[in-house]
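For this one, chain U is given, so just place chain B on it according to the hints.
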Amino acid sequence: MKQTATEVLVIGGGAAGLSAAAEAASAGAKVLVVESDLRLGGQLIKQTHKFFGSKDEYAGTRGFKIADILLNEIDSFKDSVSILQNTTVTGYYIEDDTFTAMRGEEEVFQIKSQKTIIATGAQERLIPFPNNDLPGVYGAGAVQTLMNVYGVLPGKRVLMIGAGNIGLIVSYQLMQAGVEVAAIVEAGPRIGGYWVHAAKIRRLGVPILLRHSIKKALGEDVVTGAVITGLNEKFEHVGPEEEIECDLICIAVGLSPTTELLSQAGCKMMYVPQLCGNVAQRDRTMRTSNPGFYTAGDASGIEEASAAMVEGRIAGLSAAASLGYPTEHGKIDEYWGRLESLRMGEAGARICQGIECVLVKGWEGASHE
Amino acid sequence: MSDKTMDMLFNSGVLTGEREGALLPPRELWEKKKGGVVVIECPQRIPCNPCHTSCPTGAILPFEDINNTPNVNWEKCTGCTLCVSACPGLACFVIDLTFSEENALYKLPYEMLPLPSKGQKIQCLDREGKCVGEGTVENVTQPRKDRTHVVHVSAPKSLVTIFRAIRVVK
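Chains U and B, in that order, are what the protein sequence lines are.
When the letters of the first sequence are read in order and numbered with my numbering, they come out as residues 1 to 369.
When the letters of the second sequence are read in order and numbered with my numbering, they come out as residues 1001 to 1170.
Some hints could be false.
Straight-line alpha carbon distances no greater than 25 Å define the calculated SDA-like cross-link-like pairs of lysine to any residue that follow [unchecked claim]:
| id | chain 1 | residue 1 | chain 2 | residue 2 |
| --- | --- | --- | --- | --- |
| 1 | B | Lys1076 | B | Arg1027 |
| 2 | U | Lys55 | B | Thr1098 |
| 3 | B | Lys1145 | U | Asn232 |
| 4 | B | Lys1004 | U | Asn232 |
| 5 | B | Lys1034 | B | Thr1098 |
Honestly, the hints are just simulated from the structure, not real lab data.
Looking at chain U on its own, in the form it has when it is part of the complex (with noise of 0.2 Å):
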């Protein structure tokens, strides 16, 4: 089988592993990134509200513009960064200590790296009820791909469910593309997201139902509209029900990170639930129980994307490192630095709770770095 060898291998092109690859590759590193996609960028390419944080995190950028600042960046690192697109990295072999990867439908070959950054982002969760398999209804992440990158406009009347950032943010989007919001419901107390999200949602006239949730889609070959009802404190349907016209039902209810890569490395994994599940157990430095594997990003807890890039930059920095390239001291404790302001607020004192649970001294036997 044919095989590809690099120093330092980053699984996943999204907001975290493209600032990992632009840090390890400044640092001197040759680096090989591995995108699922056909193209770069992952979920920032479908974000076109202006992302929140600092000046650092390009705070009032549009998400898609972002993608563009990272991909202007990996560009300048063109000599040591090489990029497979539509290519997905579908195992790791300890025993072997090699990945395999698939190219399009036909292509399978190997990839050895020295260090390997497990960017790979998370997965959508969905929630069960009657007439869910209907066409029609729909992820968000779905909704966002459909609409803002293939152009494609999913629905003309939707229901979303769930009233986090992304419910909040792809509802505006929809509002945008001139599909109708009939209501945004929402199982707990209060919205999960930014409160001005919601905020600028509301004063265009959307409902945002709180301690509520779908009970069954209404169609036969498609959905034609929705049973919605409210929610008691252990989540349970009471009240009348309300019948909801819509063609589009879209889940938002959060996402899980995607750790398949790491648990086959062997890493020390965690459930951690201020995460929303299974990661990896890192140090500072990102690196996690197995010496060649980091983790940053979704994968290693899901965030905001602007911590994202800072936690892809520090695991791009410390891969670099650990490799021999000299690397700015003081680096890691300013980007550290950053990620600590950008916890401080009402979400990121969860996120914190979260990343005491994972975040260890360090590992045993390893130099410090």
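Same frame as chain U, but now just chain B:
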């Protein structure tokens, strides 16, 4: 409205009353300021500061902690609308009470289609999207050339505490 209803409303994204990060400018100063002053509705601690970094006059004060809610020195504000178009949450508005005897000039962020044109009548919406009056578009600008428009609308001064968005009727 009961406290519980107020809380539910706020928790769904509707401002209820004045809060930290969502304070109105002092009325006396506001009534005299030509060009208007900024009204910010950003009552939650989130890591964000483009309102401050985009402000050319120092009216939006520096953030000691990026998660703090914004603080404004309204004396320094010229109503330039750079923050209106920079704010990722569309939470900055400029309201000029010196526009005319009856009307104020509301400068509101707008990212929808169709774009209204000068002289067009539009619906004035409150924080829940209810139509509370009619306004006239006086100008449409794009301060940062980044596709966030600022629509300048003349509408009755009586709407000053409730009018926060527009609907363009096709």
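query = For this structure, which hints from the list above don't hold up?
reply = Hints 2, 3 not satisfied by this model.
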